[in-house]
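**Student:** One letter stands for each residue in the lines below.
There are 2 protein chains.
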Amino acid sequence: MNGAHRALEAAHLAGVEVCFANPGTTEMEMVAALDSVNGIRSVLCLFEGVATGAADGYGRMTGKPAMTLVHLGPGFANGIANLHNARRAGTPIVNMIGDHPTWHLSSDSPLTSDIESLASPVSKWVRRSESAGKLVQDTVEAVAVAQSEPSGVASLIISQDAAWDEAPDGLPTVSSPSMGLDEESIQSASRMLKEKGERGALLLGSRALRPSLEAAAQIQSATGCQVFVDTFMARLEGGAGLPGFDAIPYFPEQAIDKLSGLQGIAVVGSRPPVAFFGYKHLNRSSLLPDDCESQVVCGTGVDSGPSLAAIAQELGAPDYAGVPSNPHPAEPDGELNVLSLGQALASVLPEGAIVVNEAATSSLGWVVHSSKAAPHDVLNLTGGAIGQGIPCAVGAAIAAPDRPVVALQADGSGMYTVQGLWSMAREQLNVTVLVCANQAYRILQTELERSGNHDPGPAAMSMTNLSSPELDWTKLAAGMGLPAVRVTRADELVSALKRSLSEPGPSLIEALL
Amino acid sequence: MNGAHRALEAAHLAGVEVCFANPGTTEMEMVAALDSVNGIRSVLCLFEGVATGAADGYGRMTGKPAMTLVHLGPGFANGIANLHNARRAGTPIVNMIGDHPTWHLSSDSPLTSDIESLASPVSKWVRRSESAGKLVQDTVEAVAVAQSEPSGVASLIISQDAAWDEAPDGLPTVSSPSMGLDEESIQSASRMLKEKGERGALLLGSRALRPSLEAAAQIQSATGCQVFVDTFMARLEGGAGLPGFDAIPYFPEQAIDKLSGLQGIAVVGSRPPVAFFGYKHLNRSSLLPDDCESQVVCGTGVDSGPSLAAIAQELGAPDYAGVPSNPHPAEPDGELNVLSLGQALASVLPEGAIVVNEAATSSLGWVVHSSKAAPHDVLNLTGGAIGQGIPCAVGAAIAAPDRPVVALQADGSGMYTVQGLWSMAREQLNVTVLVCANQAYRILQTELERSGNHDPGPAAMSMTNLSSPELDWTKLAAGMGLPAVRVTRADELVSALKRSLSEPGPSLIEALL
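Residue numbers (our numbering), protein chains in the order written: chain A, 22 to 534; chain B, 22 to 534.
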């Protein structure tokens with residue numbers, strides 16, 4: 022049995038169940054092996070950015086790594102942007118990157134490039150397997166590394182002769198220990214929160230699910246501290262009847278204002294907050310007051326549940342008391358704008374839905390209304406590399422086939438990885454793609470203004486404008502096999518969402534803003 | 022005047038006339054400056070792979086660098102695959118990559134990554150500008166480096182404070198000397214070709230235009246040598262009445278067979294030929310006989326015209342005698358297949374057209390018939406990183422607005438950078454996109470067979486099959502503002518091509534194979 026076959030067997034034994042792929046000639050042994058390893062579902066993506074973004078969505082929902090299978094340096098490079106988002110989310114992913122056979126590399130044939138240099142910026146671990154035995158061993162190690170806290174991206178470069186040579190019998194196994202509790206930082210954070218009271222804050226990052234949210238509410242009850250979540254959470258549970266906490270605002274002026282007066286912050290599953298971009302007029306990176314003390318209990322990619330439970334226990338916090346469940350927002354009618362769009366989604370969202378939010382400025386209404394929607398998960402754009410939404414929705418839908426997925430999608434970023442619609446159709450995934458069609462890079466219009474250009478010229482404006490020609494998302498969707506509808510009023514959107522959410526399979530709604 | 026403004030002025034003074042862009046917040050000063058620098062046309066691309074591929078097409082047609090303007094590491098990463106092709110083509114390109122202000126980098130904010138590590142594999146030169154003065158100077162150097170032989174990709178990382186700070190007055194200028202002749206290698210190559218006669222060969226690579234082709238024909242007359250061109254030429258003139266030379270076959274068995282018996286090869290604008298991929302059953306990289314001597318006169322990215330003229334002179338070759346101009350191929354009718362498709366294109370191609378060939382297996386008929394088509398240029402997929410065709414056609418059309426451009430495009434690779442259609446519509450470029458819709462990665466079906474998998478299972482087959490769901494290219498085109506038609510017979514294709522080629526602006530023809 023060759024190295025490719027044994028490596029896939031070993032990966033499956035270690036827990037890998039899905040492979041998002043766009044292979045080429047150097048991956049033919051891996052492709053052929055897909056049929057003889059039961060239990061790894063292979064999903065073809067028409068662009069590698071879809072494959073890596075889907076692996077990110079899958080990993081955020083399952084906590085387990087999906088595999089990607091990509092073709093040499095350029096194929097991998099097409100997946101880097103979404104791996105950047107995965108890295109910032111702490112998502113476990115195993116990339117299998119085919120390369121030329123060892124003896125062919127030195128000929129520098131046309132598709133040869135320095136894959137290590139491309140992979141390092143987005144990977145916590147990069148390895149090259151140059152023999153069949155090593156490939157099997159390295160595959161198991163890649164799965165373990167990806168899952169071990171802090172979880173992240175493992176990239177394995179596979180010399181093609183390692184895939185076609187015979188591999189020794191026997192499959193190594195693997196364990197991925199969780200990080201364990203940092204007792205000392207738990208005690209200092211607890212002391213600090215108790216001492217600072219309302220001048221103290223707890224910041225949650227990475228994935229914050231119900232146990233973490235409830236523990237945070239207990240800590241808040243015990244100390245009176247403020248609780249925040251990161252601006253862009255990898256995964257956040259929310260909705261009616263769940264504890265909801267303010268996110269740190271995106272614009273640094275608002276964030277600095279919100280965090281002013283803080284004397285101490287305990288950080289769980291994240292890092293002390295910094296500005297997304299550096300602005301000339303602010304000339305600073307940190308969002309915290311200068312005299313605010315930071316205590317990092319655990320970083321990105323670490324399960325924050327146990328640490329938060331331990332802090333709550335250390336503080337002798339009262340049991341979680343629950344929060345009142347507000348009625349869902351009313352179904353809007355009338356004009357369609359960013360507020361009514363978000364209200365429409367929040368009003369009809371089914372319990373257990375997954376919302377992949379890459380709507381940028383168009384997500385405002387959703388942010389306003391989501392706390393009153395039925396309980397759900399939100400996956401956000403963690404690394405700022407646009408083109409995450411559609412792929413991430415593909416992966417989330419495969420991870421959670423019983424839960425409806427809504428891709429709340431800006432049009433500009435949606436075009437980056439529009440090819441993901443085809444994989445939704447091929448796999449008949451239960452995804453509603455809600456395109457917020459404002460026909461602009463609206464955030465850049467704001468940033469152009471913020472950078473002091475109050476009267477930009479036509480060349481500058483044309484860099485932020487998508488209206489000439491107008492994109493027609495219903496045609497793009499139909500071109501890739503998705504039913505699609507365009508809506509221009511809020512009540513039309515409500516009806517379209519209800520229809521799409523009640524039917525299996527994918528569909529697209531273009532909401533003209 | 023700030024660094025961004027001065028840098029654009031300096032770039033324009035150095036000869037830059039086009040900027041293919043998808044900027045973000047860190048590039049706002051560059052965007053604002055676009056309006057105050059006359060003579061740099063800015064072209065918005067909805068994905069960075071379109072921007073870099075367009076710069077490649079532009080550089081191949083003009084010999085001058087276009088500028089790309091991209092956003093941080095992830096934005097640049099999206100452009101890597103087509104920069105890989107540009108690197109293999111020796112195309113001059115200047116990438117302007119925005120990064121955070123110097124003082125913000127250490128905060129490792131979400132969009133931060135190691136841009137140098139990403140840029141190095143595709144760049145002959147990478148630099149970071151951390152002050153306004155340095156930015157202006159580095160921009161000029163980037164243009165010079167990109168154009169200096171061997172020409173290639175220069176990547177400049179711009180700290181945002183270098184763009185917004187005031188820059189000193191005065192614009193540095195630049196010269197990009199050509200490499201000059203390597204007299205010694207010209208003499209040895211001449212001696213070798215004379216001595217080996219028909220056992221000798223001349224190999225042309227990179228860009229081979231009429232002067233090079235005519236000199237090669239003279240050398241052939243003088244020595245009886247064989248003449249080949251690279252499998253994938255960056256740019257090759259061809260057609261009726263022009264000297265035409267066989268390309269080295271793609272599959273190594275055929276290439277080894279074709280080159281068997283050679284005792285010496287003189288390489289001009291290329292490297293000694295190696296197999297595209299390494300195969301287990303061949304176990305070798307070189308395509309040349311073991312005892313064949315190689316003489317590299319000049320490498321990729323060097324203008325081969327002067328070297329070839331010098332060899333012809335050294336050999337005392339007779340004047341170029343011309344070749345008979347065969348009549349154009351007849352217009353086919355009946356079944357549409359890869360042969361009649363290529364024949365149809367060759368039969369109607371206007372003189373001076375530019376054909377961007379990313380049709381892979383579907384280009385067979387074009388390869389058979391193109392030598393009888395009207396004189397034209399062909400731009401090929403030099404680095405094997407698919408997704409080059411549509412972007413390259415954008416750049417070629419901007420470089421040569423008076424020449425019709427045909428993107429001869431496979432469907433699988435076309436989907437990689439399908440967003441390029443929108444830029445064609447926005448800029449109203451005179452491009453006919455001819456999609457060869459075989460609904461498969463056909464080359465992979467062949468390679469799966471070649472790797473010994475004669476009876477692939479359903480999972481393996483599904484990795485090579487694009488038919489479920491079927492792509493509808495007419496809808497994809499309409500979604501991005503292009504008129505489009507689907508054809509199923511050869512005579513329909515002839516009519517559609519005539520119509521499209523006689524009208525200005527872009528259109529798409531989907532040829533169902």
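Any given hint could turn out to be false.
A pair holds if it fits inside one copy or across any two, identical chains being indistinguishable in the list.
List of simulated lysine to aspartate or glutamate pairs, EDC-like, C-alpha gap at most 20 Å [what the hints assert, rightly or not]: (1) K215 / E335; (2) K85 / E205; (3) K301 / E187; (4) K145 / D135; (5) K215 / D186; (6) K145 / D129; (7) K519 / D354; (8) K155 / D190; (9) K301 / D129; (10) K301 / E151; (11) K393 / E470; (12) K393 / D476; (13) K301 / D186; (14) K279 / E187; (15) K393 / E448; (16) K519 / E470; (17) K393 / D354; (18) K155 / E491; (19) K301 / E470; (20) K85 / E38; (21) K85 / E216; (22) K155 / D340.
Source of the hints: derived by calculation from the structure; they are not laboratory data.
Predicted model only: the values in this text are computed from it and were never measured.
**Student:** Now tell me, hint by hint, if it's right for this structure.
**Tutor:** So, going through the hints one by one against the coordinates:
Taking the closest pair of Cα atoms, K215 and E335 come within 20 Å of each other only inside a single copy of the chain (10 Å); across copies the shortest separation is 89 Å, beyond that limit. For the homomeric pair K85 and E205, neither the shortest alpha-carbon distance inside one copy (29 Å) nor that between copies (61 Å) is at most 20 Å. Taking the shortest alpha-carbon separations for K301 and E187, only the inter-copy value of 13 Å comes in at or below 20 Å, while the best intra-copy value is 59 Å. When the C-alpha separation of K145 and D135 is checked against a cutoff of 20 Å, the pair qualifies both within a copy, at 17 Å, and between copies, at 13 Å.
Neither within a single protomer nor between protomers do K215 and D186 lie at most 20 Å apart by alpha-carbon distance, with minima of 61 Å and 45 Å respectively. Within a single copy, K145 and D129 get their C-alpha atoms only as close as 27 Å, which misses the 20 Å cut-off; across copies the closest is 15 Å, which meets it. With identical chains, the CA atoms of K519 and D354 are at most 20 Å apart within one copy only, with a shortest distance of 14 Å there and 50 Å across copies. Taking the shortest alpha-carbon separations for K155 and D190, only the intra-copy value of 12 Å comes in at or below 20 Å, while the best inter-copy value is 59 Å.
In this assembly of identical chains, the alpha carbons of K301 and D129 lie at most 20 Å apart only when taken from different copies (17 Å versus 45 Å within one copy). When the C-alpha separation of K301 and E151 is checked against a cutoff of 20 Å, the pair qualifies only between copies, where the shortest distance is 14 Å, while the shortest distance within a copy is 49 Å. With identical chains, the CA atoms of K393 and E470 are never at most 20 Å apart, being 33 Å at best within one copy and 56 Å at best between copies. In this assembly of identical chains, the alpha carbons of K393 and D476 never lie at most 20 Å apart, being 39 Å within a copy and 55 Å across copies at closest.
Taking the closest pair of Cα atoms, K301 and D186 come within 20 Å of each other only across two copies (9 Å); inside a single copy the shortest separation is 57 Å, beyond that limit. Taking identical chains as interchangeable, the C-alpha atoms of K279 and E187 are never at most 20 Å apart, the minima being 61 Å within one chain and 33 Å between chains. For the identical chains of this complex, K393 and E448 are neighbours neither inside a copy (32 Å) nor across copies (45 Å), given an alpha-carbon limit of 20 Å. For a Cα distance limit of 20 Å, the shortest separation of K519 from E470 qualifies neither inside one copy, at 38 Å, nor across copies, at 47 Å.
In the homo-oligomer, the alpha carbons of K393 and D354 lie at most 20 Å apart inside one protomer (18 Å), although the nearest pairing across protomers, at 64 Å, exceeds that limit. For the homomeric pair K155 and E491, neither the shortest alpha-carbon distance inside one copy (52 Å) nor that between copies (40 Å) is at most 20 Å. For a Cα distance limit of 20 Å, the shortest separation of K301 from E470 inside one copy, 13 Å, qualifies, whereas the shortest one across copies, 59 Å, does not. Proximity of K85 and E38 under a CA criterion of 20 Å is satisfied intra-copy only: 9 Å inside one chain copy versus 49 Å between copies.
Taking CA atoms no more than 20 Å apart as the test, K85 paired with E216 passes in neither setting, with 38 Å inside one copy and 65 Å between copies. In this assembly of identical chains, the alpha carbons of K155 and D340 never lie at most 20 Å apart, being 51 Å within a copy and 60 Å across copies at closest.
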